[in-house]
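Trainee: Each chain is listed here by its residues.
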Amino acid sequence: MASAFEYAPAPESRAIADIAPSYGLFIDGEFTDAADGKVFKTLSPSTEEVLSEVARAGAEDVDRAVKAARRAFAKWSALPGSERAKYLFRIARIIQERSRELAVLETLDNGKPIKETRDADLPLVAAHFFYYAGWADKLDHAGFGANPRPLGVAGQVIPWNFPLLMLAWKIAPALATGNTVVLKPAETTPLSALFFADICRQAGLPNGVVNILPGYGDAGAALVAHPDVNKVAFTGSTAVGKEIARTVAGTRKKLTLELGGKGANIVFDDAPIDQAVEGIVTGIFFNQGQVCCAGSRLLVQESVQEELLESLKSRLSTLRLGDPLDKNTDIGAINSAEQLARITALAERGEAEGAERWSPACELPSSGYWFAPTLFTGVTQAHTIARDEIFGPVLSVLTFRTPDEAVAKANNTQYGLSAGIWTEKGSRILAVANKLRAGVIWSNTFNKFDPTSPFGGYKESGFGREGGRHGLEAYLDV
Amino acid sequence: MSDRTPERLTVFKTYKLYVGGKFPRSESGRVYEVTDSKGNWLANAPLSSRKDARDAVVAARKAFGGWSGATAYNRGQVLYRVAEMLEGRREQFVREVAEAEGLSKAKAAAQVDAAVDRWVWYAGWTDKIAQVVGGGNPVAGPFFNLSSPEPTGVVAVLAPQKSSFLGLVSVLAPVIATGNTAVVIASERAPLPALSLGEVLATSDVPGGVVNVLSGRTAEIAAPLAAHQDVNAIDLAGADEALAKELEIAAADNLKRVLRPQPVDDWTATPGTDRMTAFLETKTVWHPTGSLGASGSSY
Amino acid sequence: MPTTAPNGPSAPTASAAAHALSDVTASDAALRRFLHGLPGVDAVGLEARAASLGTRSIKTTSKAYAIDLAISMVDLTTLEGADTPGKVRALGAKAVHPDPTDRTTPTTAAVCVYPDMVAVAKEAVAGSGVKVASVATAFPAGRATLGVKLADVREAVAAGADEIDMVIDRGAFLAGHFMKVYDEIVAVKEACGTSARLKVIFETGELSTYDNIRRASWLGMLAGADFIKTSTGKVAVNATPANTLLMLQAVRDFRAQTGIQVGVKPAGGIRTSKDAIKFLVLVNETAGEDWLDNHWFRFGASSLLNDLLMQRQKLATGRYSGPDYVTVD
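Protein chains in written order, with our numbering: chain A, 11 to 488; chain B, 178 to 476; chain C, 4 to 332.
In isolation and in its complexed conformation, chain A is listed as follows (with noise of 0.2 Å):
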């Protein structure tokens, strides 16, 4: 970083959010206590300190949530699809509205970069929203036959990566589709589902609708073994996935998963390369890794290999990491203690079996859950770090000779969620898309989203897709 020209802080006002002491879970239409009054403290990963208190939901509240969406489903569902519609399109236009707000509280409660809420987390909420919105009255014209019915009572259990976006892809396609939802947000951030529980009060949407339980893994079990439930999706880790898949086994519940991933970011000797750059350090880097699409394992030709590292590791150094509400912030905090333990502890695996780690000079602040932008070279396909989900700012540097090596490296995974391809050769660009096991392929491009655009995986990294017309298809009955 340039000594001549550093960047004054330049935060963002953190008062626009305004975040109450303690929150309930928020059933029927209304915020209420857990049966069993318990309650857990979400926190700042950035600062450690308490954001709030919130309702921890258990197994009663699941079936007492479970129960309001069941009622709510009959009007619901035979709204006309018009009607639907109308209300989604509020929730769109209240969500861009508030979205600054809602930009701090996400960062405040997740420790991501601002820059990342307001450009990418927030825009893209609406606009699922708005997309969905829209199929509402059309669903005839969907492609899955006339008149095609909802499920009834979607449970739904999301991650604390992208924890407003996960909700949107969750709850956007299930009230389009005129499915009522219970989703259950995850432990560590409770708080933009909290606050979309008034969004949809203000969209007045009616009681039971949407139901949204803070709580722990116990209840997200509860959810998704209720017996009343008709449609389960999940997006988190590989593990919880498969447990789920046992769990809703000889049920008819409609199962969807978007689980873990270890994409492959396969650099060719003609790639453009500072665009390549760019692209690496937005597939590993935003989000601070903590992205089931991350580009976590870098294939880069082994003739381009030096000069590419070269530039990639001079670009990590000028990566600005600290304040999350800083706006000039490239990488935030991790998202909690026990994150930050397992990248740590997979970091140090990759160290002991021979990799050679590497990070710019970052000072880390003193308080808050942080690591440093890390890669490692002299990777291979035997290295836990190339094989495992380490869902944090990692990147695994491995090379290749030619292209058939290249795609054997990056489908040598259980997972296929994502992968990259860089290179200014149109024909093969096809030819590897053509290859790769996996649901999304960025070329010359990396992590770019869209709600016309669907996303899932292949093999372990889960079935389903969400997003597109595709992803009504997780809420129909067909």
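A portion of the hints provided could be inaccurate.
So the derived list for chain B, only partly shown, Cβ under 7 Å to chain C, looks like this [stated by the list, open to error]:
1) 319
2) 465
3) 467
Calculated cross-link-like contacts (lysine-lysine; reagent style DSS-like; alpha-carbon spacing at most 25 Å) [what the hints assert, rightly or not]:
4) 148/A - 305/B
5) 252/A - 422/B
6) 305/B - 445/A
These aren't lab readings, by the way, just hints derived from the structure by calculation.
Predicted model only: the values in this text are computed from it and were never measured.
Think of the CB as a built atom: it goes at the ideal place given N, C-alpha and C, for glycine as much as any other residue.
Place chains B and C on chain A using the hints.
Mentor: Okay, now just chains B and C, sitting in the frame of chain A:
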């Protein structure tokens, strides 16, 4: 068996498995007795073991690259060829289906005809399904974005227990039409039409390993397939409720795509696309576009 | 505050040093192969990176620093058919004392005029440290014979120009005659002698593609350019964040390979302080702090200066300034 030519003893057929384009006996060396609906002996069918299942998966995996990489037009030609070959052996299948399912000759013939027509139906689908379920997505940015369906991989298929031939074809054809390869467990009680189908496939330009047919105890063969880490999906059409649940739990180990058993009253009804889409993945590819415009250099 | 340039070029120039890449200009074919072998540019990715750097939020002390730095980097320009000695003298005065009410305001880097105005400009800025830059080589079209172009350069240098802003032969470039373009730059460089630094203008709006801009950048640097410059300001598309970012990547990479540092000058279309600061962020995060000096980075602009001055007054007084509080020249 006819008794008008007592001086000549008919030649029985030894029914064998169909694995990797070859006709092996069961690795177990064991067979089981197959009878008609009245309990009369028809033949001995191979009693497949776990190892036969394993070999079939290896064959199906080996065949996947070539079959999924073949052009959709080519796959359509091959499936149509299956219909042609089947038509030529119509009488044999009418007899086998009649014996297997206790049907009159006319009813059995209707089943076989419907099965032939089903191959034709799916032959026509191979180069259309991508257009129906894939397409361009209008993303809000300077990107070309295309979603296309791709086959899931190796699919274990538990053929329907009652409809020994039309049911079998109705679950098998959609799996391979889209480029998957299959390991099929024939109807336990009535496996002979399925084993004979292997002979048709072998002479129909279907590459070896694309379809592998096993006979034996459904539950015994299905268990290792459901747990197999190199099987990508499983169609539970031929499983009862208890077995289906058990297999679905086993299938979760590598997150197989599971098609649960659905009640089918009439296999002759025109199928929709569901049996194809159940074993298709959606791949979405992004690429930047430039913009040609007054903004100047942007490409 | 780097408001004054170092004394003369500090790094060897390409024509003087037999640098690592000298063999690529050995023949027309070698040069073509080299230029076409440069990594491609993905337009969307380049523009996205430029836009993302544009979202940097520069406040308080950093902003004051950036505004003074930007003022010190302005090549205050008048290139009109209607230029008169009076107009040029006024411009010179403005360059020396951009804000007559505040003598702490840095001077601009240079004034930039047509060759026949060099002598007038030289006199107007005498003793101030402000350089005189002259466009030459049949600016802006560059459609003249080499002899005419070289005479144009020699006269400007003889009249005292410290810097020559030449235009490349875009026609030759687009026709693929890279060696012709190269030879012409070498000849102009020679005509500049040791006293004048050479800025090579590509007219990026006419080169049209980013790949061409990268090739032109390397071509210019190989031929001995002291600066590479986007535009004449006379066509529809001039300096943009994306094409400037691309040229900054080129000078960064060229120095890494040859050890020779080359300056960058975006020109045309940069009118507000906000824009100028975005360009400085590009410099800071792409080429690095070594380029944050008016010896290595310039803004070719005229109206930009007054906006910088109004912003400077706003920072000093806390009030928004207005056009009546800066001089109209």
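Trainee: Against each hint, give a clear statement of whether it holds in the structure.
Mentor: Comparing the hints with the structure gives:
For residue 319/B, the interface hint holds, since its Cβ comes within 7 Å of a Cβ in chain C; the closest pair sits about 5 Å apart. The restraint placing residue 465/B at the interface with chain C holds, with a minimum CB-CB distance near 3 Å, inside the 7 Å limit. A hinted interface residue such as residue 467/B counts as satisfied when its beta carbon comes closer than 7 Å to some beta carbon of chain C; here the least separation is about 4 Å, so the hint holds. Between the alpha carbons of residue 148/A and residue 305/B the distance comes to roughly 23 Å, so the proposed pair stays at or under 25 Å and holds.
For the hint linking residue 252/A to residue 422/B, the alpha-carbon distance of about 14 Å falls within 25 Å, and the restraint holds. Only pairs whose Cα atoms come within 25 Å are accepted, and residue 305/B paired with residue 445/A is accepted, the gap being roughly 21 Å.
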